[in-house]
Amino acid sequence: MGQIMGSFNARNVDLYMDDKPTFEPQEGFNFERKQREMIAKEEDLISARIPPKFRDYCAHYLLDYQVCRYNKMPMLYKCAHEKHAYLNCEHDDYVLRMKEFERERRLRVRENKIVGVAA
Amino acid sequence: MAFNLVKRALLYDTKAVRNAAAIYYNTARNHWNYQYKPDPYPKTPQERAAAAKKYGLTVEEYQPYPEDMGYGDYPKLPDIGTDSKDPNYPYDLPDLKRNFNEPIHASAEIYGEDRYDPSGRPRFSLTHQWTWFLGAIFGSFGLYFWLDNYKFGRPVTIKQYPKDGPHYMFCEK
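Protein sequence lines, in the order shown, are assigned to chains P and F.
End of the first sequence = 119 in the numbering used here, gap-free, step of one.
End of the second sequence = 292 in the numbering used here, gap-free, step of one.
Simulated from the structure, these hints should not be mistaken for lab results.
Possibly wrong hints are sitting among the right ones.
What the hints assert, rightly or not - Looking from chain F toward chain P, a few residues come up when the C-beta cut is under 8 Å (computed):
1) I142
2) N145
3) R148
4) K173
5) G254
6) F271
7) P274
8) P281
9) P285
10) H286
Every residue gets a Cβ at the ideal spot worked out from N, C-alpha and C, and that includes glycine.
Construct all of the structure, not just a fragment, from the sequences and the given hints.
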């Protein structure tokens, strides 16, 4: 219920799934946020024929996994650790997106409050 | 079929030869399709009487189909579904609820027990059926259009790709 209502009530501030964050990334933090870094190189991804859809911040794990699959074929169970590492990374990526959503929602609610007080 | 019957008759029956000859004669000489074909439409009273006699009906109950329907002298029998016939009557052929030599309806295929029964009483009235059918269809449409304004997804922002960068973690540098 919580995960559904989390996005359902976000409509009150006109926020929906897969929206782009609109606030300044550093706004409201008393420290400097760490920037996400892309570890896999674009040439390697192209060379490994990883589809653009999968060229996200976890692509280096995917690359490891695919290389392992190539080397260990057909003993694919030997790539369990690589696969697990990749899926863990994707999970963390998703959690980060959820955090961004919640941050966006709270900032919009806060902004509405400030505007209401001013008016 | 005929060969099997003859073989069985010859093997098991004491009057084997006579029965085999009878079966063979019957199958070979009396079951040609042209013999099932009705005669031309009866015009005179004599022809009507002859046709009624042929189909085992009285002259009063004999009634041919209109001539332009092409059924010839075949009798127009009452439309009674097999399902509506008395199940307790001792028929000669209980599976078909039919007696020996009883004339067969021209549309007998559709009036079988497993098919259509024109005098059968449906479980639900036609109004009832239409109400539920249209109710389900338009009810679904109504729900769809109403709930169209209440769509919600998962609470995530757009997927982060390096080309859209820069993106930030929620921890200190």
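Now the hints, each set against the structure:
At a threshold of 8 Å, the smallest CB-CB gap from I142 of chain F to chain P is about 67 Å, leaving the interface hint violated. Checking N145 of chain F against chain P: minimum C-beta separation of about 70 Å lies over 8 Å; hint violated. Using the Cβ-Cβ criterion of 8 Å, the hint placing R148 of chain F at the interface with chain P is not satisfied: the shortest such distance is roughly 72 Å. Taken as an interface hint, K173 of chain F does not check out: its beta carbon lies about 78 Å from the nearest beta carbon of chain P, beyond 8 Å.
A least Cβ separation of about 29 Å between G254 of chain F and chain P goes past the 8 Å threshold, and the interface hint is therefore violated. A least Cβ separation of about 4 Å between F271 of chain F and chain P falls short of the 8 Å threshold, and the interface hint therefore holds. Interface hint at P274 of chain F: satisfied, since its Cβ lies 4 Å from the closest Cβ of chain P, which is below the 8 Å cut-off. Annotation: P281 of chain F was flagged as interfacial toward chain P, and the flag holds, the nearest CB pair being 4 Å apart, inside 8 Å.
Interface restraint check: P285 of chain F against chain P, minimum CB-CB distance 5 Å, threshold 8 Å, status holds. This hint holds: H286 of chain F has a C-beta 4 Å from the nearest C-beta of chain P, less than the 8 Å allowed.
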